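Number of protein chains: 2
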Amino acid sequence: MPGFKPKPPREGEVTLDFTPGSDGPGVHFIGRVASPWGPGDCPRNIAKARESGKGAQITLDPAFEPALTGLKVGQPIIVIYWMDHARRDLLVQNPRHTDGVRGTFALRSPARPNPMAQSVVLITSINGATIGIDAIDCFDGTPIIDIKPWLPTIDTPPGL
Amino acid sequence: MPGFKPKPPREGEVTLDFTPGSDGPGVHFIGRVASPWGPGDCPRNIAKARESGKGAQITLDPAFEPALTGLKVGQPIIVIYWMDHARRDLLVQNPRHTDGVRGTFALRSPARPNPMAQSVVLITSINGATIGIDAIDCFDGTPIIDIKPWLPTIDTPPGL
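Going line by line, the protein sequences match chains A and B.
Just so you know, we're using the UniProt record's numbering here: the first sequence kicks off at 1 and counts up by one.
Just so you know, we're using the UniProt record's numbering here: the second sequence kicks off at 1 and counts up by one.
Hints in this document: simulated from the structure, not taken from any laboratory.
What you were told as hints is all true, and nothing was included just to trick you.
Copies of the same chain look alike in the list, so a pair counts if it fits in one copy or across any two.
Pairs of lysine to any residue residues, derived as SDA-like cross-links and limited to a Cα-Cα distance of at most 20 Å, are as follows:
id, residue 1, residue 2
1, K72, V101
2, K72, T98
3, K48, G159
4, K72, R108
5, K54, P158
6, K72, P158
7, K54, P36
8, K72, N94
9, K7, M83
10, K48, P157
11, K48, L151
12, K54, G159
13, K72, T130
14, K48, H97
15, K54, I154
16, K72, L160
Here the structure is a predicted model, which is why all the values come from computation and not from measurement.
With the sequences and hints as input, model every part of the structure.
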């Protein structure tokens, strides 16, 4: 996998010895993120990215442009991307920002069996197969695997 | 793909002639949903599933049990699943519940280039590698690809 150079696990971390995705269906990269961020300066989360005031773009493979029909400027969307630099074998992690270890499924870490991440962002422009968004917290060039309209009835917990 | 029997597109629908996922990384199925639903009676969305009062379960491959460390009963999580019966080639769709056609990325339809769906649900129990959840709107046996903690700062639009 490009860029995948696993470091030794930190104290308390647990890995699984497996070949992730070898028998599952393949994901299709529908486009790429154009963001101001690289490995040295990427914000730790979408709130920090938004505070920077720097927007970003989603550039789809032109073949997918018709699939944007109906999206509107100002609309919230869920952008789902594939963290292709992240390791996939960590079960328990010891992040710097948490107090002690935590399971991968209790964290938003990019390192997970399927290294997908997602943020809810606002559409600021639509031009052909390129969507402007208000912020994103991933590296320039990150592959995108899905875009969904954000819907409060599906995307917020019951009773909230 | 198992169960993939594309019907002719409906009026106004647009397809893309491609082989989805042939050059992307593979997804890894981490477990399966145990739900009361099949193709004949699956609720159209999570709100309808919740109204039924019927809960569901997520059963992970036992190897992933350590990755649940830190999750708690009552906590909202995002369950992400792979709709392995859905076609992947529809760009523009004509759903029965919308007024006219709409692009795939403006819809929550399971038919999409990467046929993943997600719902925000509440954890009702945790026993080993099995999590009880308050509701889900997918078929029994649907493969799960990720679980993430739902976090309002990441998962709601700015200003909401």
